[in-house]
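**Student:** In order, the protein sequence lines correspond to chains A and B.
For the first sequence, position 104 matches number 104 in the working numbering, and the numbering has no gaps at all.
For the second sequence, position 670 matches number 837 in the working numbering, and the numbering has no gaps at all.
Just so you know, these hints were derived from the structure itself, not from any lab.
Treat the hints loosely; a few may be bogus.
[To be verified] Below 30 angstroms or equal to it, Euclidean Cα-Cα: the simulated DSS-like pairs (lysine-lysine) are: (1) B:Lys446 to A:Lys30; (2) B:Lys221 to B:Lys184; (3) A:Lys30 to B:Lys359; (4) B:Lys446 to B:Lys710; (5) B:Lys359 to B:Lys344; (6) B:Lys710 to B:Lys202; (7) B:Lys359 to B:Lys202; (8) B:Lys184 to B:Lys710; (9) A:Lys158 to B:Lys184.
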Amino acid sequence: MPQVTLTVNGQTHTAEVEGRTLLVELLRDKLRMTGTHVGCDTSQCGACVVHVNGESVKSCTTLAVMCNGANISTIEGLAAADGTLHVMQEAFREYHALQCGFCTPGMVMSAIDLVNKHPNGLTEQQIREGLEGNLCRCTGYHNIVKAIAAAAEVMQGKRSEMARAAD
Amino acid sequence: MNVVTPFEGIGASVRRKEDFRFLQGRGAYTDDAEKPGQLYAWILRSPHAHARVKSVDTTAAASMPGVVEIYTGADMAKDGVGGLPCGWQIHNKDGSPMAEPLHPVLAHDKVRHVGDPVAVAIAATRQQARDAAEAVVVDYDVLPAAATMAAALKPGAAAIHDGVAGNLCYDWHIGDKAVVDAAFAGAAHVVKFDLVNNRLIPNAMEPRSALGEFDRTTGDYTLTTTSQNPHVIRLLMGAHVLHLPESKLRVIAPDVGGGFGSKIYHYAEEAIVTWSAGKLGRPVRWTADRTESFMSDAHGRDHVSHTELALDANGKILGLRVSTQANMGAYLSTFAPCVPTYLYATLLAGVYTTPVIYCEVKAVFTNTVPVDAYRGAGRPEATFLLERLMDVAAKQTGIDRVELRRRNFIQPDQFPYQTPVALQYDSGNYHATLDQAIASADWAGFPARRAEAAKRGKLRGIGCSTYLEACGIAPSAVVGSLGARAGLYEVGTIRVHPTGSVTVLTGAHSHGQGHETTFAQLVADKLGVPVAQVDIVHGDTAKVPFGMGTYGSRSLAVGGSAMMKAMDKIIAKGKRIAAHLMEASVDDIEFDRGTFRVAGTDKTKALVDISVAAYVPHNYPIEELEPGLEETAFYDPKNFTYPGGCHIAEVEIDPETGRAAVVNFTAVDDVGRVINPMIVEGQVQGGVAQGIGQALLETCVYDADGQLLSGSMMDYTMPRADDLPPVSVATHTTLCTHNPLGVKGCGEVGAIGSPPAVINAVVDALSDYGVAHVEMPATPAKLWQIINSGRRAAAE
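Isolated chain B, as found in the complex (with noise of 0.2 angstroms):
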């Protein structure tokens, strides 16, 4: 019998099923599996930012114990192995395309970043092939490196590929300039500003891990490795790196550690194990140490920008003009031309009514890891940069941060809002996010907190942020138009069983977003099947039909919307199989959470009685309708979604060592109908973590040489348990209007919210000192400086 507690649809705190496993150490994550006869590979890494490779020796190496082979560069071209595709085309200011340089799996003419893999060493065990990666002999003419995208832009800088003038990847813009520069002539304020992006390494906590598998008697290739999107993967690396079809060719993606977007693109690392593992005929696998994480994950971020917002005399918007340039790194990474473009400069209105915008971004390379989307992508420097703004404009003006923030949102009646680059926002409401936060985070009574710190000889400060993002990626033709390469549809089968438990087999993949409890809930919300009798299958190329992946907080937007259209054609086939069994017409047939009804009757059907009848049909209408019960949809968005909120920070400055420390932390966001709500605040909890980070803790740090110097977590500040305080998570809901449950996404409003946020605070806090800006990380070394060097000024 299906009986379901209402305590487990929508809207229940549902404790987690994927837990137990995860608690007693029985996850699966990719290195925990062992295969008969498997090998382990060590990648060699470039140790310069750029060489020239004159040559490689592998002669000691291959005779080394336990070794089975050596490959290199060499070996993958003269087989034939395709460079890592790019998944997205940008096109310049003139129409032409983006440049696009060939990137090698294994480098083999010249090494563009520290840690680019030169060669791979496969042998008996892990410790045997790191011994012999390091008796491979490299000959390297070391080059002039690029670290920054200043170096890169010099005139007279080495090129970094050939044929790439001016290391430009591309020139970038968007908006009507003349129409923007009059709305400047205009204004009675102009603001100008500059400001950095950190660059940030993403750091899941499980390392990134690959095992290549290849089948004598079919000649099937399997690849089980830590990604976000397994059948992009297939996609990608199956036609443009291996040449292989998809048919021969599966993916899995076990249980995954964590992604935050650095688990999306197609690693050099897959395509060695996977055809290492077809020309040995054995298992290849490959796990990083940290080390190599550094280094060959793609980074996120690094952006620096020139904004210039002008308004009128009330503090009226009147336009906003923004150069930034972004940097790619060595290599285009997979999604990497799309972040600083359709991800960030199209969310440059944000939640204000700013009527003209143009925005203009050169695409840098450098000699550094690849730079792609990260926990926010885009929309963090497109937030962080508004919210400053929208600061230093109050000081400018005059006019309270507060206050000149609600003098231009976007006002709840203006729904559908059309923005001037290029987004439809379909819902929010930015005043009722304002206002619970400002209640909840007692702004008025933030004098009072700062007298009182001061009297511990502690430097208070508060700010806030009111952001709004583009999540629910994405309407495929929407995207398609601005370059994307695939589609961004999502697919869901719903399988219900004879005895109807239920399977749900889904495109997007959970490396911590909890899809196991959350998608069950969306069942049994509709179909009344308890919880503990659906099952989400996900991450594996040869159980799910098809899947874009998650990333872009679309699980539940897209996926999810996937799986309820599924539903609709399960309870649509179901009510003509219980109307043949109820000798009813089909059109007086209710259903309501597992059971079937004739309308006005006591006559009913529960969902097994139906699953029982469709797979034993013996009383069925044969005629009419095929035997069995599972259902496929493919669900492509009208639209993005829209979360949005504001996020209100409190910090204090010790002066006598330049820590700033959030004490306070308030978040209310507008994620849509919050499924779960335990899992929505723990989703935020872990973006605003990331947020106090990137604005206080972390960033990446290039010698000029390109020597990665924040290369391992001695060096790289993880924010830790006693870095952060106490967050408060609220939400306020406004529905997304165009996708079936009303879900906007609540993966990344904490990494794209909060940064703003804290350094609003940080620089309320040196009111006293005549500080304009602090660059992120507000690190104890710049803030003391600050500090003190205005001491200095004042006793002068």
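The shape of chain A in the complex, shown without the other chains (with noise of 0.2 angstroms):
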């Protein structure tokens, strides 16, 4: 079987895959980095998006052998050592952007790579046509929106700290 070296969350792990393994099979069920979920597969929901060398990519959707070298984030290691979150994660809890929590990680991945690839600033539109590729059946998006907003914001430097949601 084909060896694959890579890189996740800063650490290095060398796997046996199959030719057909997924990134994502082998983020879940070989490295056990449960956070990366699986919601479809037609590569429509997004549920399984990571970075790859910086870029959102959906891991159901990428072999696994693909990525000999590459350098994975998930959702796992956004948060700071000492749990200090990411800004994205924490504008998604300051505004209510998560009800199940299963298209989450997909959600922040996605909406980090997005801002990232916006560096003057996203309209609401821009938001939401960004997240094409994530689906979200909980919360009708408007949430999300607003977070991804707040977060670009701080992101950005346009905030030293995030804008608090309305009570």
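Dock the two chains into a complex; use the hints.
**Tutor:** If you want it as structure tokens, here you go:
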């Protein structure tokens, strides 16, 4: 079986995989990092989004062997070692942008990439269109959009602290 | 020291406790667990909608790499495995019981829908199990299929179940037909109208999953499953399918990624993995891929109705007559029979003083996936029917549609209000929610917005829906008399630990609702224990005494009320301990948020002083009081709760493409007392997204042979972020009069109230095209055709 060596959240792993093994299967089944989820089989829902070399990628549509030598970031690696949440994670909590939590890991990873790709800021419409590849059945997206807008302001240095949601 | 800030109690938007694990990838969903020696199951499903199974050959599959066993329906039947039970029995008009055909766990004589499970392959890896399942050879004798109710009811249609004449499950009715007919005879206006409530596929983001385990030492079984109600699964599967006593069967529903009803029911895969684990002595796990979810999760809605409304010359409703056909699918899912009857026909008074109502419902078997309660369940169907009917009636009578509603509202001073269809509403103020929504949506300013949109070449319309629903299910005696085979109380245990932290055990189950926060707020409010020191335990039959689970917006109204009752018992016992410690009479002890006080003095004891005394009873009234501080309460509600309100949608249709976009949406809901406004708003937002999805995007499509054409997320239109508008959510509260919290429930109002508001707006936008009705979903193709045939008509 082919061997794959890749870095996940700063740690290097080597694993034997089948040619057909998907990146998400390697992460979940072999490396036991179950924060990344599988919500569909047609690359539509985005629950499986991780970053491969800094770009958001659907790990259900990526073969593990394609990631040899790659640098992978997953939801488990976002918070600081002392437990401080990434500002996007904090914004999702502050704005109640998650309910059942299943789409959340992919949603957060997509959101961070979306903000990174728009260094000059995002309109609400750009956020909505940028979430085209992520499905949520609980929230209606309204609060996800607000959370991303609030996190973007901090990530892009427009505010030093995140704007609080109305109570 | 137990000090609670007032901001954590009832009414505070406390940020959710559960979010920390979900946001860091630490949720524990069923598919996340890894068990030593675990095996993987893959279910082979029927590719045919209706066929006789002549033979199943597992020889080749059994010898494939990694395969441990292949089981067929015959293996399960040989072992005495029972059929999947139905939890509700409806009676026909003539008093005879409904048809209730066997629902085998694995089909062994016939398959009755695409996706019907036929065999299971169990192997060392998921891929090996899948490869093996695909190598099982099934010889099918394909039979004619009935993919629609019309096809199933046609004389001479193939029988889906032996002994079920005409594929009819039941023919039920409610109301006095003669009295209603008489009301129609004297009416100034009779409005007749046919409509469809489109079939939806639930698509909770987490696919269903189940893990069976068997302990050879004790003989105990454990099922971990994506369920909204683990105790109910234990009861149904233990008693009816696998014949296991509750004491030998534990059911765990850990973090569950959305349910919306689709994870209430006892599914075949749960029995398959539990039974197989016992046979093999090893853990057996199964997780659906999304394609399987489409063809095996119970679907929702699917009604075809003929309606007639009688009104007097002033627009006052005199009577309502409804005839509905409801699709049951190929088998009866757990609660399917009650959805088009007691969750639908009993809601047909809505918010109106309709004096007489008659409704008959034919439930029909078809060669499709079973249909059951989904995100509103019966109430969206009733609401869509009524609120479209009101707009059609307004047009026919020439009375303004808002005014017509007002003329027929139940007045605030008419509560408790007895409807002609069995329910008694306890509270509400429909004028108030309508007025607030009309103001918030700037209904009066709409003509200017329409004119502005017209300049941009867009057709703009506005629509409203004044709705009501029944939830907080439900009084056991009432549902029992209506055919439920279970009670619908809820259970709560409050365990005050020696040093003052609290564990709550609840029979409700959280799969997105935020119970770990909201329920902790109840404890903070009542006992004065900070939210951070309150843990909510749910979803495990080995930990929680009992429970009926979460659906029908019942968790807070029923489960929360059980907790309040248990806390009353804690306080009563605490007072006796405090009286002893402070050498006072029990009658003189007052309690307020964590402090026991001798009335009129400065003598106090904190809750933690009481809990220490209760568990270290050195100085304790041991002769009259047991040590410990833990209480359990069962709460059986006296009535349903009746949330209601007004939703207003504004749409713009692009006549060039036919695409309708909701540009404004306003919801004003009366959900009773609000514990956590942030969570309530989120629940309504999500429900409205489902309602807009049903109105504009989503529908299940079968072809005439029963093939599921909308069988993937590439074919079934799930609402995405850019399909939806920002939604304005507000509440107007009247308290529920019969539960201790005054709460009504908020989980389903969005999905119930919104679809007719959207379609009313679509029809309004097309008012120049002579359109009386648009069936859901109002897709671009449908609207483009309407607009262009209208243009042609105008040109001719």
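**Student:** Broken hints, numbered, in rising order?
**Tutor:** 2, 3 and 7
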